[in-house]
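Engineer: Okay, here's what each chain looks like letter by letter:
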Amino acid sequence: MNYRRFLRKLVLFVLTIPVLLFIFFPVLWLFSASLSTQVELFTVPPRWVPEHPTFQNYLDIIFPGQAASSVPRTFGVALLNSIKIASSVTIICIVLGSLAAYALVRIPFKFNLPIQMGILGTRMIPEVSLIIPLFVMASRLDLINKPIVLVITYMSFALPFAIWMMAAFFQTIPIELEDAARLDGCTRLGILFRVVMPISLPGIISTTMFVFLVAWDEFFYALIFTSTLAAKTAPVAIAEFIGRFAVNINGMMAGGILAAVPPVVLALIFQRYIVSGLAAGAVKG
Amino acid sequence: MRTQNKITSLALAFLFLAAALGCAPQEAAAGPVTIHILTMDQAGLKPAEIDQIARDFESQNPDIKVVMEYLGYDFIHDKITTGMAAKPPAYDAAIIDVIWPDEFIKAGYLLDVTDRVTAEMREGIFPASWNGVTRNGKIYGMPWLMDVKYFMYNKDMLQQAGFSEPPKTWEELVEQAKAIKEQGIAEYPVTWSWNQKEGVVCDYAVLLFGNGGKFVDENGKPAFNDEKGVEVLTWMKQTVDDGLTNPSAVSSDEMAVEADFLAGKSVFAVNWLFQYSDSNDPSKSQIVGQVAFAPMPVFKAGADAGIKGSSVDGSSSFAVMATTPYPDQTWKFLTYLSSNDVQMKYSAEMLPIWTADFEGANLEKLKAANPTNPVTVPAFLEQFPYANERPTVPYYNEASAALQLAIQEALTGVKTPQQALDDAAAKWVELAGK
Amino acid sequence: MGSLLLASPPHLLSMTVTSESPLQRKLSLREKDARVAWLLVAPSLLVILGVTLWPILYTFILSFFVAPTGINQARTFVGFGNYLEMLADPAFWETIQRTVYFTVASVSLELILGLAVAQLIHSRPWGWKFLRFSLIIPWAVPTIVNGAMWRWIYSADFGALNAILFQLGLIKHYVPWLALSSSAMNLVILADIWHTMPFVALILQAALANLPEELNEAAAVDGANAFQRFWHIRLPLLRPAILVALIVRTVEAFRVFDIVYIITSGGPASKTMTISYLTYLYSFSYGKQGTGAALSFLISIFTIAMAILYIRFLYRPEETQS
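Protein chains in written order, with the working numbering: chain A, 1 to 285; chain B, 1 to 434; chain C, 1 to 322.
Hints in this document: simulated from the structure, not taken from any laboratory.
Quantities reported herein were computed from a predicted structural model and do not represent experimental measurements.
Treat the hints loosely; a few may be bogus.
Unchecked claim - No more than 25 Å apart at the CA atoms, straight line, and that leaves these computed lysine-lysine pairs for DSS-like: (1) Lys345(B) x Lys367(B); (2) Lys427(B) x Lys415(B); (3) Lys65(B) x Lys146(A); (4) Lys300(B) x Lys214(B); (5) Lys46(B) x Lys365(B); (6) Lys221(B) x Lys415(B); (7) Lys332(B) x Lys46(B); (8) Lys237(B) x Lys172(C); (9) Lys172(C) x Lys181(B); (10) Lys110(A) x Lys32(C); (11) Lys155(B) x Lys181(B); (12) Lys84(A) x Lys79(B); (13) Lys214(B) x Lys65(B); (14) Lys214(B) x Lys367(B); (15) Lys178(B) x Lys172(C); (16) Lys300(B) x Lys332(B); (17) Lys214(B) x Lys106(B); (18) Lys197(B) x Lys106(B); (19) Lys178(B) x Lys155(B); (20) Lys87(B) x Lys146(A); (21) Lys9(A) x Lys129(C); (22) Lys197(B) x Lys155(B); (23) Lys46(B) x Lys79(B); (24) Lys168(B) x Lys155(B); (25) Lys367(B) x Lys155(B); (26) Lys146(A) x Lys79(B); (27) Lys237(B) x Lys415(B).
Using the sequences plus the hints, can you model the full thing?
Structural biologist: And the structure:
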């Protein structure tokens, strides 16, 4: 490695430091708060490392039954519900969404444009106003407090996002690749599955993470549609740390860290599958 | 792959149709009736305790099954509103904050239970508790949890400053606060919950009534923008300008008030009852054993006008939802929940609503029920009679929002107190007209 | 997104129409393609429309009524009354102004930071994998927790922000940030950026990874420096991805609610009150569903207008074909 390259690498590394600080400073604070008790939070100046760190907040959540309040006890169940719901939504959205995105971007059929506009349009209405009619619909179908109601409603707003995002990624695939495949005798669907999808894998992975997090993070619908253990999700459980007048901040922070774990694990898993430079290779070859 | 696609799409279409058609609403089973009750997390009793009460009730009433749902206060109102949009309603009964009955009665959510309330209940329960659920002579719910704002102070710090008695008037408090500040005992001796939520209206109510003012006059027209109301708001701003009230009060809620107080940063703190027991909890408080109650101060002008005490009612009750298919069973459960026996059993957690429990031998028993009761029970008896109600109008939420904004604008200097309150009053008139 | 608005160029079809192009062959190919397209799009359409069509129609119709919440409440038809009432209300415009400020500040900062971070990762510094992995963390923390955490960091007496600034000597006195009109909104924006910048960074990073490198290399050989290469080559190629990120983030930012609710509840003196919060208040708190519905559609008009503006200015069809 010559001198110039080394210098460049060094400069780049130095640039990553402020970014890492920006990301981690609040997270470390969050973590520190989750290890303390309320009295430690209320000290001036704030202690970066709690004087008497305790895992009690986590224990209360992970080993229910010992907790004084009921909120930590039900947190584990809520977390599981969230995982089930977010995973279902993500899988369905990626499957359905990639199909639709490809069609909308590459196939000039009659209603292409109106469909795009329609999908875009449904996203423009704030959730807040749709919730009462949705609730009425859901209760008539007896879906309240059942996870499926969240899966269906989340799909309604995650799917448009998934479609847009994947469409943009499909768009960056050079059309020559598809033409070449066509010349080789591939059907439209063949192009989709054998050429377009593999190359846009990084984009699809990004979309997967995005959809998962949208479903994972959603609060208001979950709050209104579910309140029993059968379907309550993590954000709703976390909101329960907000009491009438007192907020159990420490518990909430511990809950927040735990609730961040599944998406982070997901990201870790997908790290391996994001192969950058694959596109460059494909075009050359 | 093509067939896979077709199958996927067909399967999904089928699934959706199935969901749409297959799950028809069940008819009410002939067996035990199930009632759904919505209540607060942390409203007096813990969920585990309320669940236990529900189980006890079920064992005495085998044909009724009770399902409790717990939620944070901030969300109860919205859950009720959406829940009532369904038929049958999602809940048969729900906990009601003292400021909601007018809105809910107008919306047709609450069942009139006047005929179901027995004379025994009417006379045996604190009259002030019935205020929260009675409108135009009709009763719409069963009292559950009484709460008012209390005046608490740190007796050690006060003594350190050289005062042996807590202030009786707000003017006296200002004098004491100035001395405390000068001596360096606390930088901001007083702290309040003046952020843009209902809490600021509660604090304002405490002060307003203590000045002999009121929210509306006999004709129902806004009166909080008269000289008394403006004086109060001006006083509030002055304490911030003078550095006596913590400037963060403008963004603080009740929790922040407690945080400051229990960290020993303020000497006086107006708050609901929860703050007292928290003050003696070492995992939350640095001032264990230093907190005392005092009657809520009033303004000198108010005292001269005969006002002896002032606070604001923050109680909760349970109401039967008007469209429930099971009003009898639901009412039965609510009366059980608030019955004397149950209330006495849990009197360590929550003060009972029955006056008899505060008399004679019962009073001693009550005080002995838990370590904080010897202090909180007398404080309650002292303060509760002065619990004032906030305006009982159906458009209260919007009216309160206007008042919250007005107070905030005055405190942040956007408008003068008179101007801010006048604008809010105009809004109230507009709302009343609709 | 703009790339969506023009369906794929007929290019692909004309390519297959070689010398012997009977009209029938062209037609049946198109038809076959269209059938495949419908097959691909139908399930998504079914889900989206099935769930949202009736609620949207219901809300739209409701917006023309005065509809107090409640059982058997009379609904009075007022035509455009609700819309006009809102448009005539100065509070409405102030709220829009604030929301636009929030959106513009938030999205532009996220875009710039996100682009910088994406490019940084793309340049493969030491520990780039860790950097990309860390980006997930702010995004993974649930919004409510994010709000509660920042609220505490900004706390006047106990917050980390005051502590750090004080220790660094930048302030002489703890500042009640959230109580000051001047700083409250900006701090909410900061909290939002922390939470959502990773999304932009990751999308752009994935797009960067997809870009063909030869153009870049050719330009380097021609003597263009790093900045020139970035500005004239990479950036234009990233346009579709930026457009998607912009539209998605703008629509979301314009409708921000959770984080404002938790950190400031709209205060001080409504200085952080955003339009979604206002809609929520009308629909739920004040029980005025008609007005709430009208507000929602007014919001949609704004977001659609913004999307159209973006597409107008940013969509360049030529660049999507290499």
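Engineer: Hints first: check each against the structure and report whether it holds.
Structural biologist: Comparing the hints with the structure gives:
1. Lys345(B) x Lys367(B): holds, 13 Å
2. Lys427(B) x Lys415(B): holds, 16 Å
3. Lys65(B) x Lys146(A): holds, 20 Å
4. Lys300(B) x Lys214(B): holds, 16 Å
5. Lys46(B) x Lys365(B): holds, 21 Å
6. Lys221(B) x Lys415(B): Distance ~22 Å between Lys221(B) and Lys415(B) Cα, so the pair holds.
7. Lys332(B) x Lys46(B): Given pair Lys332(B), Lys46(B) holds - Cα atoms ~21 Å apart, limit 25 Å.
8. Lys237(B) x Lys172(C): Status holds; Cα separation ~23 Å.
9. Lys172(C) x Lys181(B): Holds. Lys172(C) to Lys181(B) sits at ~18 Å (cutoff 25 Å).
10. Lys110(A) x Lys32(C): holds, 12 Å
11. Lys155(B) x Lys181(B): holds, 16 Å
12. Lys84(A) x Lys79(B): Answer holds: Lys84(A) to Lys79(B) is near 24 Å, not above 25 Å.
13. Lys214(B) x Lys65(B): violated, 45 Å
14. Lys214(B) x Lys367(B): Cα-Cα ~34 Å, so violated.
15. Lys178(B) x Lys172(C): Measuring from Cα to Cα gives roughly 22 Å; hence the hint holds.
16. Lys300(B) x Lys332(B): violated, 48 Å
17. Lys214(B) x Lys106(B): The hint holds at about 24 Å.
18. Lys197(B) x Lys106(B): holds, 23 Å
19. Lys178(B) x Lys155(B): It holds: about 16 Å lies between the C-alpha atoms, which stays within 25 Å.
20. Lys87(B) x Lys146(A): Between Lys87(B) and Lys146(A) the Cα gap is close to 17 Å, so the pair holds against 25 Å.
21. Lys9(A) x Lys129(C): holds, 14 Å
22. Lys197(B) x Lys155(B): violated, 30 Å
23. Lys46(B) x Lys79(B): Since the Cα atoms of Lys46(B) and Lys79(B) sit roughly 20 Å apart, the hinted pair holds (cutoff 25 Å).
24. Lys168(B) x Lys155(B): Distance ~15 Å between Lys168(B) and Lys155(B) Cα, so the pair holds.
25. Lys367(B) x Lys155(B): holds, 22 Å
26. Lys146(A) x Lys79(B): holds, 16 Å
27. Lys237(B) x Lys415(B): Given pair Lys237(B), Lys415(B) holds - Cα atoms ~12 Å apart, limit 25 Å.
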